[in-house]
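Chain residues, written in single-letter form:
There are 2 protein chains.
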Amino acid sequence: MENFSFLNPTRIIFGRGTQSEAGAYAAKYGKKVLLHYGGGSIKRSGLYDQVVQSLSDAGLEFVELGGVQPNPRLTLAKKGIELARAEGVDFILAVGGGSVIDSAKCISIGVPYEGGVWDFYDRKAVPGKALGIGVVLTIPAAGSESSDSSVITNEDGPYKTGLSSDIFIPKFAILNPELTYTLPAYQTASGAADMLAHVMERYFTNARDVDLSDKLCEALMRAIIHNAPLAIKNPEDYNARAEIMWSATLAHNNLVGMGRVGDWASHHIQHELGAVYDMAHGAGLAIIFPAWMKYVCKHDVTRFAQFANKVFGVEYDFWNPENTALEGIARLERFFESIDMPIRLSQAGLPDIEANIPLMAKKATRKALQGQFVKLGAEDIEKIYHLAM
Amino acid sequence: MENFSFLNPTRIIFGRGTQSEAGAYAAKYGKKVLLHYGGGSIKRSGLYDQVVQSLSDAGLEFVELGGVQPNPRLTLAKKGIELARAEGVDFILAVGGGSVIDSAKCISIGVPYEGGVWDFYDRKAVPGKALGIGVVLTIPAAGSESSDSSVITNEDGPYKTGLSSDIFIPKFAILNPELTYTLPAYQTASGAADMLAHVMERYFTNARDVDLSDKLCEALMRAIIHNAPLAIKNPEDYNARAEIMWSATLAHNNLVGMGRVGDWASHHIQHELGAVYDMAHGAGLAIIFPAWMKYVCKHDVTRFAQFANKVFGVEYDFWNPENTALEGIARLERFFESIDMPIRLSQAGLPDIEANIPLMAKKATRKALQGQFVKLGAEDIEKIYHLAM
Numbered sequence: 001m002e003n004f005s006f007l008n009p010t011r012i013i014f015g016r017g018t019q020s021e022a023g024a025y026a027a028k029y030g031k032k033v034l035l036h037y038g039g040g041s042i043k044r045s046g047l048y049d050q051v052v053q054s055l056s057d058a059g060l061e062f063v064e065l066g067g068v069q070p071n072p073r074l075t076l077a078k079k080g081i082e083l084a085r086a087e088g089v090d091f092i093l094a095v096g097g098g099s100v101i102d103s104a105k106c107i108s109i110g111v112p113y114e115g116g117v118w119d120f121y122d123r124k125a126v127p128g129k130a131l132g133i134g135v136v137l138t139i140p141a142a143g144s145e146s147s148d149s150s151v152i153t154n155e156d157g158p159y160k161t162g163l164s165s166d167i168f169i170p171k172f173a174i175l176n177p178e179l180t181y182t183l184p185a186y187q188t189a190s191g192a193a194d195m196l197a198h199v200m201e202r203y204f205t206n207a208r209d210v211d212l213s214d215k216l217c218e219a220l221m222r223a224i225i226h227n228a229p230l231a232i233k234n235p236e237d238y239n240a241r242a243e244i245m246w247s248a249t250l251a252h253n254n255l256v257g258m259g260r261v262g263d264w265a266s267h268h269i270q271h272e273l274g275a276v277y278d279m280a281h282g283a284g285l286a287i288i289f290p291a292w293m294k295y296v297c298k299h300d301v302t303r304f305a306q307f308a309n310k311v312f313g314v315e316y317d318f319w320n321p322e323n324t325a326l327e328g329i330a331r332l333e334r335f336f337e338s339i340d341m342p343i344r345l346s347q348a349g350l351p352d353i354e355a356n357i358p359l360m361a362k363k364a365t366r367k368a369l370q371g372q373f374v375k376l377g378a379e380d381i382e383k384i385y386h387l388a389m
Numbered sequence: 001m002e003n004f005s006f007l008n009p010t011r012i013i014f015g016r017g018t019q020s021e022a023g024a025y026a027a028k029y030g031k032k033v034l035l036h037y038g039g040g041s042i043k044r045s046g047l048y049d050q051v052v053q054s055l056s057d058a059g060l061e062f063v064e065l066g067g068v069q070p071n072p073r074l075t076l077a078k079k080g081i082e083l084a085r086a087e088g089v090d091f092i093l094a095v096g097g098g099s100v101i102d103s104a105k106c107i108s109i110g111v112p113y114e115g116g117v118w119d120f121y122d123r124k125a126v127p128g129k130a131l132g133i134g135v136v137l138t139i140p141a142a143g144s145e146s147s148d149s150s151v152i153t154n155e156d157g158p159y160k161t162g163l164s165s166d167i168f169i170p171k172f173a174i175l176n177p178e179l180t181y182t183l184p185a186y187q188t189a190s191g192a193a194d195m196l197a198h199v200m201e202r203y204f205t206n207a208r209d210v211d212l213s214d215k216l217c218e219a220l221m222r223a224i225i226h227n228a229p230l231a232i233k234n235p236e237d238y239n240a241r242a243e244i245m246w247s248a249t250l251a252h253n254n255l256v257g258m259g260r261v262g263d264w265a266s267h268h269i270q271h272e273l274g275a276v277y278d279m280a281h282g283a284g285l286a287i288i289f290p291a292w293m294k295y296v297c298k299h300d301v302t303r304f305a306q307f308a309n310k311v312f313g314v315e316y317d318f319w320n321p322e323n324t325a326l327e328g329i330a331r332l333e334r335f336f337e338s339i340d341m342p343i344r345l346s347q348a349g350l351p352d353i354e355a356n357i358p359l360m361a362k363k364a365t366r367k368a369l370q371g372q373f374v375k376l377g378a379e380d381i382e383k384i385y386h387l388a389m
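For the record, the sequence lines run as chains F and Y.
Numbering follows the numbering used here, with no gaps: position 377 of the first sequence is 377.
Numbering follows the numbering used here, with no gaps: position 231 of the second sequence is 231.
Where hints are given, some of them may not hold.
No copy is singled out in the list; a pair is fine if it fits within one copy or between any two copies.
[Claimed, not checked] Computed cross-link-like contacts, DSS-like style, restricted to lysine-lysine with a CA-CA straight-line distance of at most 27 Å: (1) 171 with 28; (2) 298 with 32; (3) 129 with 28.
The hints are simulated quantities; they were obtained by calculation from the structure and are not laboratory data.
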């Protein structure tokens, strides 16, 4: 097990009706709130009104900025930074999914910084101060509600780049599974693929002697694989919704990655897809992850066999463990298919995908080789895109 | 799944050599430290000198109070409170195991409180302020390094009573598995029993639809059961020591108990033993838990059968699940025996134990019935003590 430092200070308020507590928690940290959200769904569902009421009950002033899109844009975050400065905002309440929260994180470090906020994502500066953030979560997927990461798309590239920092881990996150009842099946499934990918990125490691964290990863993956189809089949199954909502948070709060180095190549490979095609992150991962697995499987057949056996219950083939390993990858593909995720680029309706592969592969490696489990260059990534076709 | 609120803000600094960081972390919170510890073992091992050096390197002043005993005493904590007040201490560094940390927590809330600190444990007051606490852990067992609980023995009873509060959750905890190499086998085993009990208290619940947390509990239990014997067999097995050290923390930071109501009767039943006989907490739990299980098994055979199957790999008897359930309890006893834990009161050399049972049972229920899975009165608890004979 490798040395590690773990910090996860977000207070999780979980369960039915908890969105009414947003104002009271926000009031612990600020007086004037930037209410940040995406499209109109929170207005249609009534959540917007409930949150506004809660802020008002807590005696808080607020200004608002909606319009966050999937693959959140730098331009909107910059607008948020200007608005927050002009209005003297001292706390941000993100109401939405990972995109809204990631955008809020970008704003939180941009407000007190004199330079352009992209400096942080471009590794030209390290954030030293941030406004506090609270979350009312509506999409279980990215885990951003208690993670230390923010992924922003700079339209001027386009580049989709992640940043990690303890400084913008949310102060609190309100998770009410009922708020996810209205998620379309595609988004629920895409979220499940995303959270599963967060665990798999950590699971595929070269670290040895990581028994407990292996087992915790396997527990999370099995819970996601068991409950996501239930939630898709019956969108108002509170318990299935609750299991995947809590799974999404634990999949990406770093807990299950402690003492080991994760891989993350699949995320980078998918980010380039997301930057060009603006596709749902989870759907992209459902395509890329199995292809990545096929490409790197021989690097550690034992680990892939353990994945197959412990996560999907594939019987271990003592005489040919590679069979077990490959069957695990096949089962993962079948799981994604069972929740109507695409598993091939050719299924995803992406114009000119073949022609774009070389450029996406080049952009994925523009800063460094990708992946820790296996280091991948642009040629490797091209091959993975082709395996995913 | 039940509504819950989860907060676990302790920064964990885990791995080889990390004790040298104690001063730097303490300096984030205070200027004058109370260095709190137990007997002479940290002086013999050199840890005391390393920590003092680290405090000095960080420019911190300190005063010290050693002498914390297992089942930490109110009298010593009161002495610490007086010392901290007299010396203007603003931070407590606990170097030791659960007893030292629990004593530090008692001191932390006693210093700013005008009344007697037992008021909090006796539920006559609720702590509103506390000094910050940091930990250098030497015994993986109690999980107090990031838990919200403190158990203190008031010699004037004797009463052994626990208190939970977010306010004294440690700011940071330094966990170096190397510091546990010198633990005697008995203490390692007793620690393993303690951490396993913390998970089992949460596992045996009447809450339904707790799939993820069941799986996380099972992952932790299997990791403890696999690694504790390795650490006992080879005390310098870094990886086994690391697995149980991290397991102990996760077993009691509330994570695996979210969305469910734990039982905790076995802890209360053991606390009375600890108060009268001053026996190692884990050893007492190794005796009490199986007896409690036998007494309550019929209340939920399915849950006990799941425990047997998922934790000990007992094949599920579809036609007679109670057989599976009972075999799980038997396997737990065998596990405790394999690490040289007592599993019967009669093995533990406790003078007048038979005669003391009625009084201990009465004291265990002096405030209320015990247990949430099954509510137990004094008569039930007497029977459990007898089952444990």
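- Item | Contradicted hints - numbers only | 2
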